[in-house]
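There are 2 protein chains.
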Amino acid sequence: MTDFTLSCPIPLDQYPQILLAHGGGGKLMQQLIEKMFFPAFKTTNPSPPHDSVVVNLPTSKIAFTTDSYVIHPLFFPGGNIGSLAVNGTVNDLAMSGAKPLYLSVGFILEEGLPMETLWRVVKSLQETALTAQVQIITGDTKVVDRGKGDGIFINTAGIGIIEHNQVIAPQSVQQGDIILLSGDLGRHGIAIMAVREGLEFETTIESDCAPLAHLILEMIEAGVSVHCLRDLTRGGLASALNEIATSAGVTLKIDETVIPVREDVQGACEILGFDPLYVANEGRFVAFVPPNSVETALEIMRAHDQSSCIIGQVTGEGSGMGLVTVKSKIGASRIVDMLSGEQLPRIC
Amino acid sequence: MTDFTLSCPIPLDQYPQILLAHGGGGKLMQQLIEKMFFPAFKTTNPSPPHDSVVVNLPTSKIAFTTDSYVIHPLFFPGGNIGSLAVNGTVNDLAMSGAKPLYLSVGFILEEGLPMETLWRVVKSLQETALTAQVQIITGDTKVVDRGKGDGIFINTAGIGIIEHNQVIAPQSVQQGDIILLSGDLGRHGIAIMAVREGLEFETTIESDCAPLAHLILEMIEAGVSVHCLRDLTRGGLASALNEIATSAGVTLKIDETVIPVREDVQGACEILGFDPLYVANEGRFVAFVPPNSVETALEIMRAHDQSSCIIGQVTGEGSGMGLVTVKSKIGASRIVDMLSGEQLPRIC
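Here the protein sequences come in this chain order: A and B.
Just so you know, my numbering puts 281 at position 259 of the first sequence, and the rest follows in order with no gaps.
Just so you know, my numbering puts 235 at position 213 of the second sequence, and the rest follows in order with no gaps.
The shape of chain A in the complex, shown without the other chains (with noise of 0.2 Å):
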């Protein structure tokens, strides 16, 4: 494994900053992918370099999933661009209930990015790695020209193994089921939109990032009966739970009462104009699951967020509109929408 307290291992002195080269298939490109990428996430995988990885899985039952993240700043209070990319990746394989075992890595890289910035991402990436047990086997990088990127866009696509029988997408969600939410909303988007607007609270609002792939699989392996899970990203709870809703064909009635959000995060959505129902999460999601699966499911979700909690049920009524119902702080029941427009660009 990587020493991570080594420093970068391209000389920063002849080589400062990424150049064109860097992704050339010559032998700058080469120099990167042996001295950084290699060390990095060296992997036990003995299969050597090549065009693809050849690997043997332990079931032929796959989940497989691909995302880009163009997250702007690069770094943020607890993240970065590479922990992103890692987690938001192995959440979607467990939103399927898979266990993740391997990521694909694509860099594209804008010229003159610090050679420094692109070696603190690599190291995150490996770090997130290890905590999240996947291993990073097989990867890209291109190079684009100065002002046709934006320093580092990282794409990683994910399999993961199935090895269980229960089908855990919307066509299983039924009339009945209680609705779990695994912690407090809004982080993550307040803590990109905090960095970018400069805005300053007394105590730094860090981002949710955070890899759910064991807290799933811990719920599975207690024999909870799972229906459904999403995670929550651009869009937030109200757009997730619409998605569910319009594909199974059900009406989801939410309490707004009792969603956790942190008073931090609710004075800086008040301030910026946001609802925290549509504020992007990196680390949160919703579980469909029968009423007798809700005491084992929410005792382990508390045991990894004391905040997880009911936040409503799916109910006949309207069936097949696809509705999601708020009854909010007032006492009304309101019908809330997916997301419209754009809220926070470059989310993740």
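Hints may contain errors.
No copy labels: a pair is met if it fits in one copy or bridges any two.
[Stated by the list, open to error] Below 25 Å or equal to it, Euclidean Cα-Cα: the simulated BS3-like pairs (lysine-lysine) are:
id, residue 1, residue 2
1, Lys275, Lys49
2, Lys145, Lys275
3, Lys49, Lys349
4, Lys351, Lys145
5, Lys145, Lys349
In case anyone wonders, no lab produced these hints; they're calculated from the structure.
Keep in mind it's a predicted model, so treat the numbers as computed, not measured.
Guided by the hints, dock chain B onto chain A, whose structure is given.
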């Protein structure tokens, strides 16, 4: 399947260009996914849209790879960023002897991109996937602000299955292996350069961009013993051979006089000061096979491209050095190194 004669499914009078909100996780992104991507990439996979897609593979030995595509210009004679993004990743899987099955597609779009351009690329992605017999089963869309990208960047990751017992990789290369080349060199690089520089030739030079998996699988099925394969992209033939020579610790002796280069490509290389050995290709590969497999291999390769030929051999001389020596047209022998510096930025 999509009817590709149809016009763009997003109303162009309403949304002539990509907006930031098309990547925001809300209604516009949903419209783009449901009206454009789902119908175009409709597959036989029964799994509904979710954070990750679940598939059952016929075997558990797989190949996995990723590439990002930042080619400029987006459209060129013989292809575009969409066909390239399918063929490039399919070919990387094929180089491990895998049968490509599934692709992910991640778009990074620049605000202001004409919607019609995106639609043309999406159609090409799907048409090329049909030809290459792979399914695009998961994806992601991000939008960056104007001036922070360059129209369209695409990442594809791919999964293929390996249904044979050959280890097709540099470590299988042996002394005495014959090196075969699957066609003429340099067309992709020169096609791109001609468009960028506004060069005009008597006939248009078209990129060699093409899927290679079926040709490779045909060779394996015919009993050809394939020791190593490498497709010739950035850095060209010279860089690919150097990578293999270094990994395998062998010397490769190449005969430049037999390497097929079309006359117009050779002429363009002379004008531009390029060596065809270093120019990028997108539908060419080298195969390392033992002498008793040469006849069958060449027969199959020539049925696809009659300019396929033997270009050299693996020797024991200078063992462990990773050298590539080339006998030139004037009879002298020289060492050919990896590409140094950057020849053609953003060629793929």
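A quick look at each hint next to the structure:
no. : hint             : verdict
1   : Lys275 to Lys49  : between (59 Å within a copy, 21 Å between copies)
2   : Lys145 to Lys275 : neither (43 Å within a copy, 40 Å between copies)
3   : Lys49 to Lys349  : between (61 Å within a copy, 23 Å between copies)
4   : Lys351 to Lys145 : neither (44 Å within a copy, 48 Å between copies)
5   : Lys145 to Lys349 : neither (44 Å within a copy, 44 Å between copies)
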